[in-house]
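S.K.: Sequence lines, in order, name chains B and H.
In terms of UniProt numbering, the first sequence opens at residue 1 and continues consecutively.
In terms of UniProt numbering, the second sequence opens at residue 1 and continues consecutively.
Honestly, I wouldn't trust all of these hints.
All copies of an identical chain are treated as equivalent in the list; a pair is satisfied when it fits inside any one copy or across any two copies.
[What the hints assert, rightly or not] Pairs of lysine-lysine residues, derived as DSSO-like cross-links and limited to a Cα-Cα distance of at most 30 Å, are as follows:
| # | residue 1 | residue 2 |
| --- | --- | --- |
| 1 | 424 | 363 |
| 2 | 317 | 282 |
| 3 | 306 | 212 |
| 4 | 118 | 323 |
| 5 | 118 | 181 |
| 6 | 233 | 282 |
| 7 | 317 | 233 |
| 8 | 282 | 118 |
| 9 | 181 | 75 |
| 10 | 424 | 84 |
| 11 | 233 | 212 |
| 12 | 212 | 323 |
| 13 | 17 | 363 |
| 14 | 75 | 306 |
| 15 | 118 | 212 |
| 16 | 323 | 181 |
| 17 | 17 | 181 |
To be clear, the hints were calculated from the coordinates, so they are not data collected in a lab.
2 protein chains.
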Amino acid sequence: MAEMTPTSVQELAQYSKQMLDVLEWLATYGANPEGGVTRLLYTESWLQAQRALLAKMEGLGLAANFDAVGNVYGKLQGSNASLKSVLTGSHVDTVQNGGKYDGAYGVVASLMALGYLKAVHGTPRRTIEVISLCEEEGSRFPLAYWGSGHVTGVRSYASAAGIADLEGTTLLEAMGEAGFKPANAGEHSAVRDDIGAYIEIHIEQGSVLEVKQKQIGVVTAIVGQIRMTVVVKGNSNHAGTTPMTMRRDALAGAAEMVVLTESMALEEGGPLVATVGRLDVKRGTSNVVPGEVEFTLDIRHTDERKMDAFRTRLLTKLSEIAKRRELIIETVENLHASPVAMHQGISDDIEAACATYGFGSMKLPSGAGHDAQLFGPICPSAMIFVPSRGGISHSPEEFTEPDDLIAGFQTLVHVLYQYGYGGKADEIL
Amino acid sequence: MAEMTPTSVQELAQYSKQMLDVLEWLATYGANPEGGVTRLLYTESWLQAQRALLAKMEGLGLAANFDAVGNVYGKLQGSNASLKSVLTGSHVDTVQNGGKYDGAYGVVASLMALGYLKAVHGTPRRTIEVISLCEEEGSRFPLAYWGSGHVTGVRSYASAAGIADLEGTTLLEAMGEAGFKPANAGEHSAVRDDIGAYIEIHIEQGSVLEVKQKQIGVVTAIVGQIRMTVVVKGNSNHAGTTPMTMRRDALAGAAEMVVLTESMALEEGGPLVATVGRLDVKRGTSNVVPGEVEFTLDIRHTDERKMDAFRTRLLTKLSEIAKRRELIIETVENLHASPVAMHQGISDDIEAACATYGFGSMKLPSGAGHDAQLFGPICPSAMIFVPSRGGISHSPEEFTEPDDLIAGFQTLVHVLYQYGYGGKADEIL
Numbered sequence: 001m002a003e004m005t006p007t008s009v010q011e012l013a014q015y016s017k018q019m020l021d022v023l024e025w026l027a028t029y030g031a032n033p034e035g036g037v038t039r040l041l042y043t044e045s046w047l048q049a050q051r052a053l054l055a056k057m058e059g060l061g062l063a064a065n066f067d068a069v070g071n072v073y074g075k076l077q078g079s080n081a082s083l084k085s086v087l088t089g090s091h092v093d094t095v096q097n098g099g100k101y102d103g104a105y106g107v108v109a110s111l112m113a114l115g116y117l118k119a120v121h122g123t124p125r126r127t128i129e130v131i132s133l134c135e136e137e138g139s140r141f142p143l144a145y146w147g148s149g150h151v152t153g154v155r156s157y158a159s160a161a162g163i164a165d166l167e168g169t170t171l172l173e174a175m176g177e178a179g180f181k182p183a184n185a186g187e188h189s190a191v192r193d194d195i196g197a198y199i200e201i202h203i204e205q206g207s208v209l210e211v212k213q214k215q216i217g218v219v220t221a222i223v224g225q226i227r228m229t230v231v232v233k234g235n236s237n238h239a240g241t242t243p244m245t246m247r248r249d250a251l252a253g254a255a256e257m258v259v260l261t262e263s264m265a266l267e268e269g270g271p272l273v274a275t276v277g278r279l280d281v282k283r284g285t286s287n288v289v290p291g292e293v294e295f296t297l298d299i300r301h302t303d304e305r306k307m308d309a310f311r312t313r314l315l316t317k318l319s320e321i322a323k324r325r326e327l328i329i330e331t332v333e334n335l336h337a338s339p340v341a342m343h344q345g346i347s348d349d350i351e352a353a354c355a356t357y358g359f360g361s362m363k364l365p366s367g368a369g370h371d372a373q374l375f376g377p378i379c380p381s382a383m384i385f386v387p388s389r390g391g392i393s394h395s396p397e398e399f400t401e402p403d404d405l406i407a408g409f410q411t412l413v414h415v416l417y418q419y420g421y422g423g424k425a426d427e428i429l
Numbered sequence: 001m002a003e004m005t006p007t008s009v010q011e012l013a014q015y016s017k018q019m020l021d022v023l024e025w026l027a028t029y030g031a032n033p034e035g036g037v038t039r040l041l042y043t044e045s046w047l048q049a050q051r052a053l054l055a056k057m058e059g060l061g062l063a064a065n066f067d068a069v070g071n072v073y074g075k076l077q078g079s080n081a082s083l084k085s086v087l088t089g090s091h092v093d094t095v096q097n098g099g100k101y102d103g104a105y106g107v108v109a110s111l112m113a114l115g116y117l118k119a120v121h122g123t124p125r126r127t128i129e130v131i132s133l134c135e136e137e138g139s140r141f142p143l144a145y146w147g148s149g150h151v152t153g154v155r156s157y158a159s160a161a162g163i164a165d166l167e168g169t170t171l172l173e174a175m176g177e178a179g180f181k182p183a184n185a186g187e188h189s190a191v192r193d194d195i196g197a198y199i200e201i202h203i204e205q206g207s208v209l210e211v212k213q214k215q216i217g218v219v220t221a222i223v224g225q226i227r228m229t230v231v232v233k234g235n236s237n238h239a240g241t242t243p244m245t246m247r248r249d250a251l252a253g254a255a256e257m258v259v260l261t262e263s264m265a266l267e268e269g270g271p272l273v274a275t276v277g278r279l280d281v282k283r284g285t286s287n288v289v290p291g292e293v294e295f296t297l298d299i300r301h302t303d304e305r306k307m308d309a310f311r312t313r314l315l316t317k318l319s320e321i322a323k324r325r326e327l328i329i330e331t332v333e334n335l336h337a338s339p340v341a342m343h344q345g346i347s348d349d350i351e352a353a354c355a356t357y358g359f360g361s362m363k364l365p366s367g368a369g370h371d372a373q374l375f376g377p378i379c380p381s382a383m384i385f386v387p388s389r390g391g392i393s394h395s396p397e398e399f400t401e402p403d404d405l406i407a408g409f410q411t412l413v414h415v416l417y418q419y420g421y422g423g424k425a426d427e428i429l
């Protein structure tokens, strides 16, 4: 085991091709006529996909089972039962009319990696498990990370109290109807405390890798996020009879704030991003000077201190704009999520694996949320990104080149082999 | 008649007080429980108000009649039938839940001015007529100036073809139901060619007079107006995964355009105004970089050449912003109305009348549209403004101080006396 690279190129190529096929096969579950995929938590298409994945895991010789909330595990039991598991996977649910890759790629690549390892290398020292997490997107119910939240103990049945979909079905009712009974409400029945590491492979959902022409991204951290609502109030007046100098135009003020937000974010530089995604002019009419505007502010950074400092500086500047224009500004913080660092040692091993195969790689932060941010605080965690064409995700147009999907798959296989069959992980886990 | 000032202070004061009472009385027609007034064209409250005004005119000794479309005239016949009439008035219709003053004040002040002149000064040389124009706002039907449009020949029954209210009733059906039959469709049956001058008194609907502490405004011109729709297209992207430098943010671009519109308008200075009143972010969501924004642009000026030049310069600058940001910009011009100058001679006479009574006055443009802009091209026309508290109009909160209403009334009486009983108007009309 001195070399620690997974055997023959020929067999890896064969499993790589199968991985692509399985990814297409999974996309048939919840396929929309228009080309997208919809698998919302606890719906029929979701249930069929999880059942099919469980059967697929069994077919590959893994010990497969549902947990209490609907996560599906496939276990490749290690010879040394005292070593904690390496868990790999992603989520099976999609947004409404999403793509074939978000979540699904991570589930399929992990599944086929275990299939390959078992077939070619047999029993590992350390148990390796694939997980198809039941939910990450929060698309049906306004509560994200239901799957990874249960495994890590962040979510409980109590978290879901009162949470219902647009039709009024509660999350717990839908869960029961899909066959998952919260026997002992309030208990974290799906919580695991024997996970040594979590490794997730996922599409980037951005265009950094594409622009930088890299096949693999190694995630340094999942950004923290601040979500705010900003209300700007001025005077609603007749657009014809109110001279420019007598206006208290809420939209002109808000527009200056939007422009300043962008320029301050550009000046601060990456990985900080700041976005005004929604802006509503209250009772906006072409011939009325706007009296009230509401907009959202989304600030993300891998460094919480810098994120908070930016927020403070920005809000000070926005207040100055409001004061100068005699506008009233009101801000409400709706979300404050801390960044989650990925594990440096695992990340370095992923980059080394890329070098082995000649895959161009780079480190980058994840600006989107992922299940890995739930695992990060409880065990060493890492993420591998592959490029998203045009940065598009959550859309039927989501696409990743097969070569890139394969590069990611082989990188994952390499690291899982090192960690499951070699002794390298013992230093970390 | 050397002095040409209307007699006793006492009688003028008495009619001034009556004018305030009649204004309150007219506000009972279409009064809403919440305090506003709604008199939409050809509705029951509108019809009752016009009938009551006709009766009031007859009660004051005027020869009153409806015309074919529902304008109500009250005529004070002059001794010299070869002289063209001086017409004074405004509109009786309101917006939905409007105020007591917009339009109504002009009708009532004109009506009571004729009542005073007849009672105190008897028969004039030149015929003076009050008109309660049937419609100006375009609130029920998307077609404004139906009343003054018919008198001036700008509107015909053909103009109303296909025009219907929100319930699908066409303008011509509603007109017929109210008892006004377009016997000969296509004819301008209500057109007048014997009007020598039109003088309208109206609330300012802005706050210039209030801020400048003047009781009377003399309108120099009714501004021309350009209405445009601007669409800005960029790339809709994930707010977390798209670095600031890789964005084509349609909202940030549009915001820069809004700020530039305001600063260019401020630099140009009055009477130009430019307003972005409506701005919609297409599918705006807090965590998505906006891909498309649509906003309106309203540009007004008393000088058409300067208005058009501003439009051209502004659009060039907006295109430069779009180009620099790699955004697509599309503009559509929905309206291009020329400014209408008010008559200098009449305006000077109005200012002189103000000086006679010691009413503080100033010349100013009208940024809002008025019936006078229909009369302007066919006969010497003028407008007298009184202050609007807080610049508010089209609202139950619309208010003008009684002292200011009286100042306007007395100014109007003075000018009508000079024009109807004196020879001064002969130089102009």
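S.K.: Determine for every hint whether it applies to the structure shown.
M.R.: Hints and how they fare:
1. When the C-alpha separation of residue 424 and residue 363 is checked against a cutoff of 30 Å, the pair qualifies only within one copy, where the shortest distance is 21 Å, while the shortest distance between copies is 87 Å.
2. In this assembly of identical chains, the alpha carbons of residue 317 and residue 282 lie at most 30 Å apart whether taken from the same copy (23 Å) or from different copies (27 Å).
3. When the C-alpha separation of residue 306 and residue 212 is checked against a cutoff of 30 Å, the pair qualifies only within one copy, where the shortest distance is 25 Å, while the shortest distance between copies is 49 Å.
4. Within a single copy, residue 118 and residue 323 get their C-alpha atoms no closer than 66 Å, and across copies no closer than 56 Å, so neither meets the 30 Å cut-off.
5. In this homomeric assembly, residue 118 and residue 181 never come within 30 Å of each other (Cα to Cα): the closest approach is 33 Å inside a single copy and 91 Å across copies.
6. For the identical chains of this complex, residue 233 and residue 282 are neighbours both inside a copy (10 Å) and across copies (22 Å), given an alpha-carbon limit of 30 Å.
7. Taking the shortest alpha-carbon separations for residue 317 and residue 233, both the intra-copy value of 16 Å and the inter-copy value of 28 Å come in at or below 30 Å.
8. Taking identical chains as interchangeable, the C-alpha atoms of residue 282 and residue 118 are never at most 30 Å apart, the minima being 61 Å within one chain and 50 Å between chains.
9. Taking CA atoms no more than 30 Å apart as the test, residue 181 paired with residue 75 passes inside one copy only; the shortest distance there is 23 Å, against 86 Å between copies.
10. Proximity of residue 424 to residue 84 under the C-alpha cut-off of 30 Å is restricted to the intra-copy arrangement: shortest distance 14 Å within a copy versus 106 Å between copies.
11. Taking the closest pair of Cα atoms, residue 233 and residue 212 come within 30 Å of each other only across two copies (25 Å); inside a single copy the shortest separation is 43 Å, beyond that limit.
12. Taking identical chains as interchangeable, the C-alpha atoms of residue 212 and residue 323 lie at most 30 Å apart only when they sit on different chains, with a minimum of 24 Å there against 42 Å within one chain.
13. In this homomeric assembly, residue 17 and residue 363 come within 30 Å of each other (Cα to Cα) only inside a single copy, at 27 Å, whereas the closest approach across copies is 82 Å.
14. Taking the shortest Cα distances, residue 75 and residue 306 never come within 30 Å of each other, neither inside one copy (41 Å) nor across copies (77 Å).
15. For the homomeric pair residue 118 and residue 212, neither the shortest alpha-carbon distance inside one copy (35 Å) nor that between copies (87 Å) is at most 30 Å.
16. Proximity of residue 323 to residue 181 under the C-alpha cut-off of 30 Å is found in neither arrangement, the shortest distances being 56 Å within a copy and 57 Å between copies.
17. Taking CA atoms no more than 30 Å apart as the test, residue 17 paired with residue 181 passes in neither setting, with 38 Å inside one copy and 80 Å between copies.
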